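Just so you know, the protein sequences line up as chains D and C, in that order.
Mapping the first sequence onto numbering that gives the first Met the number 0, position 206 (from 1) lands on 205, and the numbers just tick up by one.
Mapping the second sequence onto numbering that gives the first Met the number 0, position 328 (from 1) lands on 327, and the numbers just tick up by one.
By construction, these hints were calculated from the structure, which means they are not laboratory data.
Since this is a predicted model, take the numbers as computed values, not measurements.
Cβ coordinates follow ideal geometry from the N, Cα and C atoms, glycine included.
Treat the hints loosely; a few may be bogus.
[Stated by the list, open to error] Using 20 Å as the maximum straight-line C-alpha spacing, the simulated DMTMM-like pairs for lysine to aspartate or glutamate come out as follows:
hint	chain 1	residue 1	chain 2	residue 2
1	C	Lys346	D	Glu244
2	D	Lys392	D	Asp437
3	D	Lys83	C	Glu236
4	D	Lys106	D	Asp138
5	D	Lys208	D	Glu158
6	D	Lys22	C	Glu236
7	D	Lys5	D	Glu158
8	D	Lys479	D	Glu413
9	C	Lys34	C	Glu19
10	C	Lys378	D	Glu158
11	C	Lys381	D	Glu170
12	D	Lys409	D	Asp437
13	C	Lys5	C	Glu35
14	C	Lys479	C	Asp418
15	C	Lys237	D	Asp100
[What the hints assert, rightly or not] Some, not all, of what chain C presents toward chain D, calculated at C-beta under 7 Å:
hint	residue
16	Gly203
17	Arg325
18	Leu333
19	Arg334
20	Val335
21	Asn339
22	Tyr344
23	Ala345
24	Ser369
25	Met422
[Claimed, not checked] Derived DEER-like restraints, expressed as beta-carbon distance ranges:
hint	chain 1	residue 1	chain 2	residue 2	range
26	D	Asn71	C	Met361	42 to 48 Å
27	C	Met361	D	Phe33	36 to 42 Å
28	D	Ala295	C	Lys392	37 to 43 Å
29	C	Arg358	D	Gly261	29 to 35 Å
30	C	Arg18	D	Ser289	51 to 57 Å
31	D	Pro285	C	Glu31	49 to 55 Å
32	C	Ser377	D	Phe33	38 to 44 Å
33	C	Glu391	D	Asn71	38 to 44 Å
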Amino acid sequence: MTLYNKDYEIVMGLEIHAQLKTKTKLFSTSIANFGAEPNTQANAVDLAMPGMLPVLNTEAVTSAIKFGLAINAEIAPVSVFSRKNYFYPDLPKGYQISQFDLPTVGKGVLDVTLEDGSTKTIRIERAHLEEDAGKSVHDLGSNSVSHVDLNRAGVPLLEIVSFPDFRTPEEVAAYVKKLRAIVQYIDICDGDMSQGSMRCDVNVSVRKKGEHKLGTRREIKNVNSIKNIIKAITYEANHQVDIIENGGEVQQETILWDPDAGVTRSMRSKEDAHDYRYFPDPDILPLRISDERIEAIKATMPELPEQKKARLMADYELSAYDAEVITSSKETADFYEEVLEAGKDAKLCANWLIVELFAILNKQDLELHETPVSAKQLGELVGLIVDKTISGKIAKTVFEEMVATSKDPKVIVEEKGLVQITDTSAIEPIIDEVIASDLGQANAEKFRNGADRILGWFVGQVMQKTQGKANPAMVNEILKEKLK
Amino acid sequence: MNDILKLTITELIEKLKTRELRSVDVTKAALERIKERNDSINAYITICEETALKQAEISDQKLDDGEAGMLEGVPLGIKDLFCTKGIKTTAASKMLADFIPPYESTVTQNLLDEGAIFLGKLNMDQFAMGGSGETSAFGDTINPIKEEEKLTAGGSSSGSAAALADFQCFGATGSDTGGSVRQPASFTNTVGFRPTYGRCSRFGMVSFASSLDQAGFMARSVEDTALMFRAASGFDEKDSTSADVAVEAYDEIINDLEVKGLKIGLPKEYFVDGVDQKVKDVINAKVEQFKAAGAEIVEISLPHTKYAVPTYYIVAPAEAAANLSRYDGMRYGLRVEGENLSDTYAKSRSAGFGWEVKRRIMVGNYVLSSGYYDAYYSKAQKVRSLLSLDFEKAFEQVDVIFAPTTPELPFELGGKIDDPIAMYLCDIFTVSSALAGIPCISVPAGFTPEGLPVGLQILGKAFDDAKVLQAAKKAEDMNK
Numbered sequence: 000m001t002l003y004n005k006d007y008e009i010v011m012g013l014e015i016h017a018q019l020k021t022k023t024k025l026f027s028t029s030i031a032n033f034g035a036e037p038n039t040q041a042n043a044v045d046l047a048m049p050g051m052l053p054v055l056n057t058e059a060v061t062s063a064i065k066f067g068l069a070i071n072a073e074i075a076p077v078s079v080f081s082r083k084n085y086f087y088p089d090l091p092k093g094y095q096i097s098q099f100d101l102p103t104v105g106k107g108v109l110d111v112t113l114e115d116g117s118t119k120t121i122r123i124e125r126a127h128l129e130e131d132a133g134k135s136v137h138d139l140g141s142n143s144v145s146h147v148d149l150n151r152a153g154v155p156l157l158e159i160v161s162f163p164d165f166r167t168p169e170e171v172a173a174y175v176k177k178l179r180a181i182v183q184y185i186d187i188c189d190g191d192m193s194q195g196s197m198r199c200d201v202n203v204s205v206r207k208k209g210e211h212k213l214g215t216r217r218e219i220k221n222v223n224s225i226k227n228i229i230k231a232i233t234y235e236a237n238h239q240v241d242i243i244e245n246g247g248e249v250q251q252e253t254i255l256w257d258p259d260a261g262v263t264r265s266m267r268s269k270e271d272a273h274d275y276r277y278f279p280d281p282d283i284l285p286l287r288i289s290d291e292r293i294e295a296i297k298a299t300m301p302e303l304p305e306q307k308k309a310r311l312m313a314d315y316e317l318s319a320y321d322a323e324v325i326t327s328s329k330e331t332a333d334f335y336e337e338v339l340e341a342g343k344d345a346k347l348c349a350n351w352l353i354v355e356l357f358a359i360l361n362k363q364d365l366e367l368h369e370t371p372v373s374a375k376q377l378g379e380l381v382g383l384i385v386d387k388t389i390s391g392k393i394a395k396t397v398f399e400e401m402v403a404t405s406k407d408p409k410v411i412v413e414e415k416g417l418v419q420i421t422d423t424s425a426i427e428p429i430i431d432e433v434i435a436s437d438l439g440q441a442n443a444e445k446f447r448n449g450a451d452r453i454l455g456w457f458v459g460q461v462m463q464k465t466q467g468k469a470n471p472a473m474v475n476e477i478l479k480e481k482l483k
Numbered sequence: 000m001n002d003i004l005k006l007t008i009t010e011l012i013e014k015l016k017t018r019e020l021r022s023v024d025v026t027k028a029a030l031e032r033i034k035e036r037n038d039s040i041n042a043y044i045t046i047c048e049e050t051a052l053k054q055a056e057i058s059d060q061k062l063d064d065g066e067a068g069m070l071e072g073v074p075l076g077i078k079d080l081f082c083t084k085g086i087k088t089t090a091a092s093k094m095l096a097d098f099i100p101p102y103e104s105t106v107t108q109n110l111l112d113e114g115a116i117f118l119g120k121l122n123m124d125q126f127a128m129g130g131s132g133e134t135s136a137f138g139d140t141i142n143p144i145k146e147e148e149k150l151t152a153g154g155s156s157s158g159s160a161a162a163l164a165d166f167q168c169f170g171a172t173g174s175d176t177g178g179s180v181r182q183p184a185s186f187t188n189t190v191g192f193r194p195t196y197g198r199c200s201r202f203g204m205v206s207f208a209s210s211l212d213q214a215g216f217m218a219r220s221v222e223d224t225a226l227m228f229r230a231a232s233g234f235d236e237k238d239s240t241s242a243d244v245a246v247e248a249y250d251e252i253i254n255d256l257e258v259k260g261l262k263i264g265l266p267k268e269y270f271v272d273g274v275d276q277k278v279k280d281v282i283n284a285k286v287e288q289f290k291a292a293g294a295e296i297v298e299i300s301l302p303h304t305k306y307a308v309p310t311y312y313i314v315a316p317a318e319a320a321a322n323l324s325r326y327d328g329m330r331y332g333l334r335v336e337g338e339n340l341s342d343t344y345a346k347s348r349s350a351g352f353g354w355e356v357k358r359r360i361m362v363g364n365y366v367l368s369s370g371y372y373d374a375y376y377s378k379a380q381k382v383r384s385l386l387s388l389d390f391e392k393a394f395e396q397v398d399v400i401f402a403p404t405t406p407e408l409p410f411e412l413g414g415k416i417d418d419p420i421a422m423y424l425c426d427i428f429t430v431s432s433a434l435a436g437i438p439c440i441s442v443p444a445g446f447t448p449e450g451l452p453v454g455l456q457i458l459g460k461a462f463d464d465a466k467v468l469q470a471a472k473k474a475e476d477m478n479k
């Protein structure tokens with residue numbers, strides 16, 4: 000449980016910065032990739048040289064519109080870029096261009112599925128386009144210099160602001176996962192939190208249950224994983240309850256989560272808050288988005304997680320749970336589709352992915368992209384079951400071998416001679432032998448007298464003699480015939 | 000002085016084409032004149048002798064090869080606010096005293112592409128903030144008309160105006176944020192044209208106030224400004240506010256206007272008490288000439304004129320405050336090392352900016368600050384719309400508007416510099432049109448009995464640049 004003190008509840012709102020996967024920066028023609036040598040992807044516009052002017056990247060606008068469509072939001076026919084003024088060496092212009100009172104994406108909603116299977120609707124207040132700042136690296140050594148890398152300066156961000164609709168850290172986690180899935184599905188952001196391409200700020204406040212007034216909030220900046228989000232919220236909420244219970248007052252602050260120490264630390268108080276002196280950027284005309292443009296983008300929208308889930312349930316008769324798990328990230332969904340291509344049987348594929356493969360990944364603490372068994376291999380394994388080359392039981396043995404060696408299932412089956420015996424002429428003599436044995440004759444007698452369950456003993460004997468390779472269904476059938 | 004320096008651009012082009020003159024010789028003559036006069040007039044911050052002569056040689060070759068551009072071989076002066084690749088661009092500030100841009104502004108590039116030769120970079124008010132040339136970090140510019148009286152050549156395009164009036168160039172670029180080409184033109188008996196906002200790219204012009212900044216063109220004849228304008232203007236994808244509207248052959252259609260039947264509006268707010276009577280006399284005489292030639296004179300009203308100066312002095316400083324934030328001593332420009340980051344910022348900016356720039360940054364930040372935004376910036380934007388509306392209504396009635404360019408005559412250097420309000424009020428007739436973004440020009444209208452020049456201002460509808468230039472041409476013809 001999250002709060003030790005059950006008289007309180009937590010209220011949270013999220014601001015998520017999604018770095019857009021555009022080719023170039025939001026207002027310049029510099030390449031917007033990660034990982035280049037410092038200051039090699041910054042041109043005169045990014046450096047804010049005299050007389051340089053911003054030119055809006057239409058690809059970024061398209062990304063914002065896509066996101067708006069994905070959350071059923073209103074797309075503003077006119078939105079405005081403003082200047083947010085403050086001085087810092089990684090902010091070359093001395094202002095950040097961001098959308099202030101007229102964002103491109105207005106109110107929308109996102110349904111998230113919680114662990115107990117219930118659904119909660121989270122309202123999104125807005126999503127706006129803005130440029131990122133550069134990166135400051137402070138060398139705290141003896142000469143204490145600071146370095147600035149402007150490669151990131153001007154990279155487009157979509158800041159997605161929710162209403163304060165969250166009451167538990169689990170809801171927050173579910174929302175972040177869902178949002179990550181959406182931006183990946185519509186292919187506007189890679190959603191990688193550890194690389195900082197999705198950054199999360201959480202506004203946390205607590206109040207006595209039954210209260211309507213919101214408590215004073217503190218904003219946790221830049222938490223870089225879902226696990227840390229849960230930890231940070233849990234720590235911070237309990238900390239706020241402690242303050243109140245001890246007769247204190249929560250002070251509005253911006254705080255940082257220290258994952259090593261497991262505590263939140265103050266970054267700046269309300270008194271240090273800047274007056275950003277926002278005003279419309281006169282270098283950029285108001286952004287006008289026509290209905291035609293929205294319709295054209297709508298026509299190119301890929302399947303969203305919700306839609307995919309519904310399709311998997313309708314077309315393949317997957318359970319809601321299986322469909323939810325499979326569609327929870329684009330990576331999983333794509334993986335599943337690839338398994339299905341070779342595996343054919345949708346339900347069996349879902350089972351092998353969710354039950355068998357996920358168990359291994361969990362056990363070995365691996366992410367899906369680190370899996371020892373590729374989607375194609377898993378699909379082939381299911382395919383071998385479907386075409387009766389191996390039985391489900393043998394498949395588990397093969398799978399263990401695949402996990403250990405990353406070999407293809409067919410190779411393993413061949414090497415170990417695990418091909419299922421489906422030839423009646425091969426099975427019949429073995430059955431005859433079992434029935435002819437002493438015990439076999441006695442048990443056959445019992446079976447004819449109505450002891451149906453004795454059939455299992457015969458099957459077991461046959462399987463033993465074939466090292467489990469005989470097709471169980473055929474064994475059953477032939478046995479029934481011969482024992483008449 | 001070599002008499003060829005007195006030629007207009009169009010006359011010079013004729014002589015270059017017929018080989019009566021060679022660009023190298025003309026350029027040499029201009030450079031000599033500059034060197035001889037720069038100590039007394041101080042029109043140039045940087046003289047580009049070597050590159051200018053090299054350009055001239057190339058131009059002569061092109062003229063020989065029949066590949067001449069529109070301005071092939073014509074020596075121009077460039078206001079030191081246009082970034083010129085490899086040539087120091089200071090904006091007349093200590094902040095950028097040693098700044099050499101690695102890129103060319105679109106306007107100057109367009110001029111270069113048409114064969115223009117750059118003699119040097121012209122003095123100006125620092126960051127284009129000022130109306131007398133006195134805020135330059137490189138000294139005052141002297142008005143060559145009555146040189147001994149030490150009058151201002153106006154501002155901020157002080158060097159452009161003075162260089163033209165003193166025959167130190169054939170044409171010059173200027174920039175006009177609130178009157179910075181028109182008022183200096185009026186003070187030096189030259190022509191100063193501010194095109195419709197968006198006609199010329201602002202790419203590579205050191206920004207003062209983005210929604211107002213517009214490249215301007217100055218010359219000793221209207222046709223010359225029209226030609227320079229034609230060569231320099233056009234849509235530029237590097238400037239989001241530049242207009243995708245076709246460029247006309249302004250110089251070729253310069254005479255295509257009938258004065259007979261031309262409806263000229265005289266805004267009563269521009270002929271009030273407080274306007275120097277001598278200025279009014281010259282303007283009225285010019286209006287009479289048009290009337291005699293068959294023009295219809297209509298009294299009109301631009302009722303929000305009285306709010307134009309306060310509106311301008313809120314909008315322009317607000318934009319300037321943000322535009323000048325980039326000069327922080329971190330990447331280029333002046334840096335004065337301090338104890339820590341914020342001290343370095345403070346020391347660099349204190350040393351790099353002059354007092355007028357600092358004043359406007361402070362005003363700008365004040366009007367944008369929380370709690371004052373609505374009262375100042377937001378209200379000013381509303382008034383700005385009303386000012387535009389005034390013009391729109393007026394142009395339903397008339398073709399062009401005539402007015403004085405400034406309410407007063409060229410004043411003595413030092414005369415107003417300690418009284419910013421008095422200085423700002425001189426902009427009364429030039430800021431409304433800048434806020435509205437409409438085309439306007441100051442054209443010589445005559446002299447006072449003491450021999451001081453008076454400029455007639457002509458204003459037109461947005462993108463009616465051609466008509467403004469044509470009407471100005473008529474006014475100029477009537478001077479003869």
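Please name the hints from earlier in the document that this structure breaks, with their numbers sorted from lowest to highest.
-> 1, 2, 3, 4, 5, 7, 8, 9, 10, 11, 12, 14, 15, 18, 19, 20, 21, 23, 25, 29
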